[in-house]
Every structure is written in C-alpha cells, then in structure tokens.
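**Q** As a plain string of letters, each chain reads:
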Amino acid sequence: MTMTEPLLKVRGVETYYGKIIALKGVDLDVHEGEIVTLIGANGAGKSTLMMTVCGSPQARNGSIVYAGEDITTKPTYEIMRTGIAQSPEGRRIFPRMSVLENLMMGGMVAENKYFEDDLKRVFELFPRLKERQHQSGGTLSGGEQQMLAIARALMSRPRLLLLDEPSLGLAPIIVRQIFEAINELNKTDGLTVFLVEQNAYHALKLAHRGYVMVNGVITMTGTGKELLSREEVKAAYLEGGRH
Amino acid sequence: METVKKPSLLESSVKDAGMGAFVTFALALVMVGMKVDVASGLGAELFIEYRWTAVAIAVVTVFVGRLLLNLFFWKPDNPLAVNLSGLMPSGDSATQIGKALKPVLLIIAIALPFALMFWLGARGSRQYIDLAILVTTYIMLGWGLNIVVGLAGLLDLGYVAFYAVGAYSYALLAEYFGFSFWICLPLAGILAAFWGIILGFPVLRLRGDYLAIVTLAFGEIIRIVLLNWYQFTGGPDGISGIPRPSFFGLEFKRGDGGFADFFGLDYSSIHRIIFLYYLILIMALVTNIVTMRLRRMPIGRAWEALREDEIACRSLGINTTNTKLTAFALGAMFGGFAGSFFATRQGFISPESFTFIESAVILAIVVLGGLGSQIGVVIASVVMIGGFEFFREFEEYRMLVFGMLMVFIMVWKPRGLVSTRAPSVTLSKDAKGISADLVQEGHG
Numbered sequence: 001m002t003m004t005e006p007l008l009k010v011r012g013v014e015t016y017y018g019k020i021i022a023l024k025g026v027d028l029d030v031h032e033g034e035i036v037t038l039i040g041a042n043g044a045g046k047s048t049l050m051m052t053v054c055g056s057p058q059a060r061n062g063s064i065v066y067a068g069e070d071i072t073t074k075p076t077y078e079i080m081r082t083g084i085a086q087s088p089e090g091r092r093i094f095p096r097m098s099v100l101e102n103l104m105m106g107g108m109v110a111e112n113k114y115f116e117d118d119l120k121r122v123f124e125l126f127p128r129l130k131e132r133q134h135q136s137g138g139t140l141s142g143g144e145q146q147m148l149a150i151a152r153a154l155m156s157r158p159r160l161l162l163l164d165e166p167s168l169g170l171a172p173i174i175v176r177q178i179f180e181a182i183n184e185l186n187k188t189d190g191l192t193v194f195l196v197e198q199n200a201y202h203a204l205k206l207a208h209r210g211y212v213m214v215n216g217v218i219t220m221t222g223t224g225k226e227l228l229s230r231e232e233v234k235a236a237y238l239e240g241g242r243h
Numbered sequence: 001m002e003t004v005k006k007p008s009l010l011e012s013s014v015k016d017a018g019m020g021a022f023v024t025f026a027l028a029l030v031m032v033g034m035k036v037d038v039a040s041g042l043g044a045e046l047f048i049e050y051r052w053t054a055v056a057i058a059v060v061t062v063f064v065g066r067l068l069l070n071l072f073f074w075k076p077d078n079p080l081a082v083n084l085s086g087l088m089p090s091g092d093s094a095t096q097i098g099k100a101l102k103p104v105l106l107i108i109a110i111a112l113p114f115a116l117m118f119w120l121g122a123r124g125s126r127q128y129i130d131l132a133i134l135v136t137t138y139i140m141l142g143w144g145l146n147i148v149v150g151l152a153g154l155l156d157l158g159y160v161a162f163y164a165v166g167a168y169s170y171a172l173l174a175e176y177f178g179f180s181f182w183i184c185l186p187l188a189g190i191l192a193a194f195w196g197i198i199l200g201f202p203v204l205r206l207r208g209d210y211l212a213i214v215t216l217a218f219g220e221i222i223r224i225v226l227l228n229w230y231q232f233t234g235g236p237d238g239i240s241g242i243p244r245p246s247f248f249g250l251e252f253k254r255g256d257g258g259f260a261d262f263f264g265l266d267y268s269s270i271h272r273i274i275f276l277y278y279l280i281l282i283m284a285l286v287t288n289i290v291t292m293r294l295r296r297m298p299i300g301r302a303w304e305a306l307r308e309d310e311i312a313c314r315s316l317g318i319n320t321t322n323t324k325l326t327a328f329a330l331g332a333m334f335g336g337f338a339g340s341f342f343a344t345r346q347g348f349i350s351p352e353s354f355t356f357i358e359s360a361v362i363l364a365i366v367v368l369g370g371l372g373s374q375i376g377v378v379i380a381s382v383v384m385i386g387g388f389e390f391f392r393e394f395e396e397y398r399m400l401v402f403g404m405l406m407v408f409i410m411v412w413k414p415r416g417l418v419s420t421r422a423p424s425v426t427l428s429k430d431a432k433g434i435s436a437d438l439v440q441e442g443h444g
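Residue numbers (full-length UniProt numbering), protein chains in the order written: chain A, 1 to 243; chain B, 1 to 444.
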C-alpha cells in the first residue's frame, strides 16, 4: 500500500437509526485506483456505511474525508457532486423513463460537453443498453437494470464509484459480466471502486483489498487473496457460496 | 389422465346471478322494502310502509341482468374490460393519434367563437362561448396542476388556494391601487408562486399522503382567512366591481373610444366574451408551451425522475428540495394566472368559489386525463366540465354520473385516458421502444 492520503478516509464513524446504533465506530480507507470491497452478512451494516458516506443518514460521530475534504455533514446532493457516484441498493432506476433519459439524469451534475463521449463510453461498456436506449427502464431485465444503474452513476464522471450489491438477484453469467465491467473500468479508466457485496467469493477475487463487517464493526481486513484464504471467512461467507 | 371438471358457463352464470340477487335481496329488504312515513291526519305517528313488490322487482332485475351480463359479456374468454379497451387505441397508435389530434384541437379551439357566431348568432352563441371559457379555464388549471402532480408526483389537494390567491391578488390590487388587469396579471402569478414557495418550504419534506393532507389544510386555511378577514377582503360579501380587461387600452364599452368604435364595428356585448375566450386560450397555451419546453430541459426531467424515485434522485446529486419547490411554485403561478382571469371574467369573487370541491375537480381532471399527459387534461376537462354544464337540468344526478365515470375509467383505463408517456429525448429518428404502459410502478 502506498503511504499517500487515501481518497476516501472513514474514521470512527457511528451511525444511528433513531436510538439503534448501526455502525459502531468504523475505520476504512479507499485509495485512489483501488477496488475495495466490504463483505458481511445481512444486516451487518454494509449498506448503512455506504449510505453514511453519501450523507443519508449522516454519521453521528466520526469523520468521513473525501479527497482531503470533510464531507461528514454535507447534504447528499452536494456529496454526489464532489466526484462520488453511487449505484444504490435495489438499483433504483427510473422505470417510466427511457434508458437514455435515465442516463441523462445521471449526467445532470456533469458538464454538458462530456455527455456524448460519456454516453459512447457506457454504451461500449454495456452494449445491451445501446440496443435498448429508447425502451423504458422498467421493461429491462434485472441484469440490464443493474447495468443501467452503474452506467447512470458513471455518467456523472466520478472519481469514486460506490456500488451496493450489484450482483443481487442476478444470474451467475450476468454477475460475471458486471464484475468484468467493473474490473475494466478500474484497469482502463483508473476508476476507484468501493463495492459492498454479499457475494463474497466474486467480490474478494475482484478486489485489491477487502473488509469484513460484523454487527456494525470491521472485524477483518486484508488483500482480497488473503481474505479468501482465511478460514473464518471461508466458514462464514464462502461455504457453498462459490457460484 | 383425469381432467378437472369445469363448471359450465350456464351453471356458473346462474350461481353468480343467484349470489347477486341474494345480496340485492338482503340490501333491498330494509332499504327498499320498508319505508318509514309520517301518518297524515291525526297526530304525527310513524308507521312503516311495506313495499315487497319493489323488492321483488329489484331482485329479479339484478338476477336477470347479471345472468345476461355473465352469459354475453363477462365470459372468461371475452371479458368486458378487454372489450372496452379495444375501443381505445393502445400504445403506439394512441401517440400517433395524439400527434394528429393536437393541431386539429387547436384549430377547433381557435375557430370556435366564429363558428358559433356563424351558426347561432351573437345571442345564441353566448352561452356556448361562456362554457368554452369555463372549460378552457379548467384546462389551464389542469395543466398547472399537472406540473405538480403529473410531472413532479407531488399530490396537491389544495391547488385551489393558489387560484384564490391569484383571484384575490387581482381584485385587491385593483381595488386598493387601481391597477389594471395587465399589471395585475403578472403580479398575481408572482404572488401565487410566492405562496407556493411559502407553503412548499415546510411541507415538501413530507411525502404522499402526508403532503396531501397538509396541502388540503392549506387550501382551507386560505379560504377561511379570506372569509374572516372582513376589513380587508370583504369576507363572505366578496369583492365586486372588479375592473374588466381592456384590449390594449381599448375598453369594451358603448360609444366613443371603445373597442367597437375603434374598429368600426357595431357595439355588441359578445365582443368582450370572445376577447375573454381568446385571452384564456392564449394563457392556457402559454402554460402548455412552458410545460412542454421544461419537460425537455434538465429541470423537467428532474421532476419526472423525482416522481419515479426520490432517493435515486438524491444519489444523483439532485437537490430535491429545490426541484420540488420549482414545481410547486410554477404550478402555483399558473394557478394564480388562472385565478386573476377568473376574477376579471366574473367581476365578482367571494371565498365560496374556492372550496375544496374545486381542488377535487381539478385533480380529477388531471388524474382522469392520465397523470402527466397534456392532451389527456384537455379531453378530461371537456368531458367533465362540459358534461356538467350540459346536464345542468339533471343536477341531482351529477355526482352520481361523476362517480360512475370515475369507476368506469378505473376499470377501463386505470392510469387515465392517456397513459402513454413519450420520452422527452431520442437520439435517432426511428426510435422504437416499449411504451411505459407496460411498466409497473416501482423499482422494476
């Protein structure tokens, strides 16, 4: 690991839902150019951490620093304009709007002059979306919707892409396609990716580094390979999970 | 292999009709069969009049009617709803027809007063032009509300408040400062938009039902303030003698310097009516053009996205509060314009004109027309407001017909008359897609 300041630095973050504590002091780093994954069981707080980075809900204690700027208490829409983009859990595309309109929504915060190029890039990455650009989002299959959600996030020209369970409910072959696209984005475009996943095997194979979260606390960290070979990880997250 | 025995059509129909008849019997037994009456003559004793024949008629009617419907209309392989939707062009063809329909409707709207004058003369056409003015006012209100409800997806049950603000702004400005209609019109719009923002700020963090209740309350608050602030608004007496609009400074009056005199026409009161008609037509068209343009711009797309998924919008860097506020303010502004037109047309306003039922009618127009559809609003206004006026003699049955219409639409076209949504952008000319008709609400 380099010793430079990380792109995203999470320190001692505590997040509450009302009185219930969801994150109990989380430390996490994402360096420029890395793919970092956060794995854990249902309800461990993975999505909460991602949403806290996005400012909804906001952390009660601790700090989140992105590119040297404290974003802990910024409103979501401002955070999403600093170069962070997110493909949210459950995809959340706009079902009654066309694929193209969905992508235009993604490009709202980017400068207009890049639109054509960015559109070309995402169509290159996901040719299926080009075929279906005039179809309404809701008529796409689950995998295509996931592609659209990622493409939409990319349209804002992010430095850091947050992906929340992109493999959820998708067929293995589609999962592979999507993970390949993420890898390609990282390798070719140098995009930094923070990936929250339940599909631990695929996520750890793809990622440079990984974190394991249990009940709102980070319990393990290491390179993807290291974590894949750890007995505890195998027992808890990988048994039968090789698909 | 044993096949499951399917009850024959006749058997199931008779069973169903029997059930219907039984329900009718149970209901009619008390409600129709026994009538409490006051005995005439001595004292005022109550007695019950039994009307078993009426009950029998009701039961037989329901049984036979339902049996016939079952046998001929509701057959499983040929249900009524499907038959009905066949009457309406679907998907692509509807958009095609819509495209052709718009210029035709526009030409009809422009030519209407002259066609009426030609056929019916000045005297006979007056009431119809008046009706056309009313319908067009509701079209404009529908289009204004469509921005808020149809595009941005914010359920506003108190839209009439902005209509009232517009009307009272004009009336009060004219009364206290002697401003003319043309100065008051923009002011009324601005004031209404301002009230839209004032209401919007605290309540727009609410969603769905909660927003609906608060806007409903806001509508009532405005009305009650107008009703009780006697010194300022005249309370229930309203404001009368509101100045009429002039045609670029030419007033519609008899004698020298009037509109008729200037153009060398014989004076007729119909001139003003026709002028008012064109005035509201232009105002409505401006509303439409502004809305259609905005829909193609980022802000319009953001409204639609907001209707689809607010959380996704926020995660794309959209300031949802500002986006909602602009929708609210813009919708309110058009409501305000329509309100000041209403004031100048009537010459008299009172809080009675701005009750909840007005909000409900405007909302019904938007919903029946198909949320977000501009042409749907036109059709729904013509049918509803025009229908209301044409059937004035049957006033007692108006709400009954209204209710039946609602049920009919909900069965036939649950998303309103025009439920197709054409994308606001396409890259290539021969864009083909699956219409939004086929998409369920929600997250795919």
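Wrong hints could be hidden among the right ones.
[What the hints assert, rightly or not] Computed footprint of chain A on chain B, listed as stretches where at least three residues anywhere in the stretch have a Cβ under 8 Å from a Cβ of chain A: (1) 238-246; (2) 312-324; (3) 419-425.
No wet-lab data here; the hints were simulated from the structure. The beta-carbon is built from N, C-alpha and C at its ideal position, and this holds for glycine as well.
**Q** Now look at each hint and say whether the structure bears it out.
**A** Hint by hint, here is what the structure shows:
Residues of the segment 238-246 of chain B lying with their CB closer than 8 Å to a CB of chain A number 0, which falls below the three-residue condition for coverage. Interface restraint, the segment 312-324 of chain B with chain A: holds (9 residues with C-beta to C-beta distance below 8 Å; minimum three). Proximity of the segment 419-425 of chain B to chain A, defined as three or more residues with a beta carbon under 8 Å from a beta carbon of that chain, is established by the 4 residues found.
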